[in-house]
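Q: For reference, each letter of the sequence shown is one residue, going -22 to -1, 1 to 189 in mature numbering (1 follows the signal peptide of the UniProt record, and there is no 0).
It is possible that part of the hints are untrue.
What the hints assert, rightly or not - Once the Cα atoms are required to be at most 20 Å apart in a straight line, the calculated SDA-like pairs of lysine to any residue come out as:
id, residue 1, residue 2
1, Lys73, Val145
2, Lys73, Ser173
3, Lys23, Leu38
4, Lys73, Gly91
5, Lys23, Arg116
6, Lys23, Ser66
7, Lys143, Arg43
8, Lys143, Val119
In case anyone wonders, no lab produced these hints; they're calculated from the structure.
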Amino acid sequence: MKGQAFIFLICITSFLIERSLAGIFDVTRYGASGDGVHDDTQAFKQVWRAACSDENPSILIPSERSFLVGPITFQGPCKSTNIHIQLSGSIVAPKDPEAWTGCENVCWIYFTGVAGLFINGSGTINGNGQRWWDTPSRTRVNGTCTKPTVVQFNYCNGLRLNGIKLVNSSRDHIILTYNKGVTISNIHISAPNYSRNTDGIDIFFSSQVQI
């Protein structure tokens, strides 16, 4: 009887652990290296596709890692109306403007149609904008890219941002367009005073925004 109880306990424990990990999507499990050198864009696209199809997803960007990511779109709607991104490490943009391709949205990170998005943590989104600051705003690089905004949220109702850092954008750090019910708290935005047009947060066609 004791042996059966022990086996039952192991089964229950394994089930609970498996269940607790079921909705966690660690970008390193999708091939992201996090060394700040190799391009992790495809890994981020893959983890988004998986999380967007889940009923209760939480994307983990682990600490003490630096993830090099090119222009990327996170498209909704998703299966869940609540998507959590835990930003503990750093996401960094390419340093050289010539390395940029595919930013037709005129931004680096673009969320659109994602309801209930919650991004929090102590991590950093680094736009690496130093090489862009002396570039005229309308100059296109590689046929598609002008100075990119760090992150734009478009039709992301119920958006919440908390605790994260955004630094050194080539242009605006955050743009909000067509959002409703946004809460932004305890975030840190910074760029040198000689950087050009690096606004903190620009808001367009949005309502019920609390900062």
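Q: All the hints need checking, so say for each whether the structure fits it.
A: Going through the hints against the structure:
1. Lys73 <-> Val145: The hint holds at about 13 Å.
2. Lys73 <-> Ser173: holds (15 Å)
3. Lys23 <-> Leu38: Status holds; Cα separation ~14 Å.
4. Lys73 <-> Gly91: Violated, at about 29 Å.
5. Lys23 <-> Arg116: violated (28 Å)
6. Lys23 <-> Ser66: holds (18 Å)
7. Lys143 <-> Arg43: Holds. Lys143 to Arg43 sits at ~15 Å (cutoff 20 Å).
8. Lys143 <-> Val119: Not OK: Lys143 and Val119 at ~27 Å, beyond 20 Å, violated.
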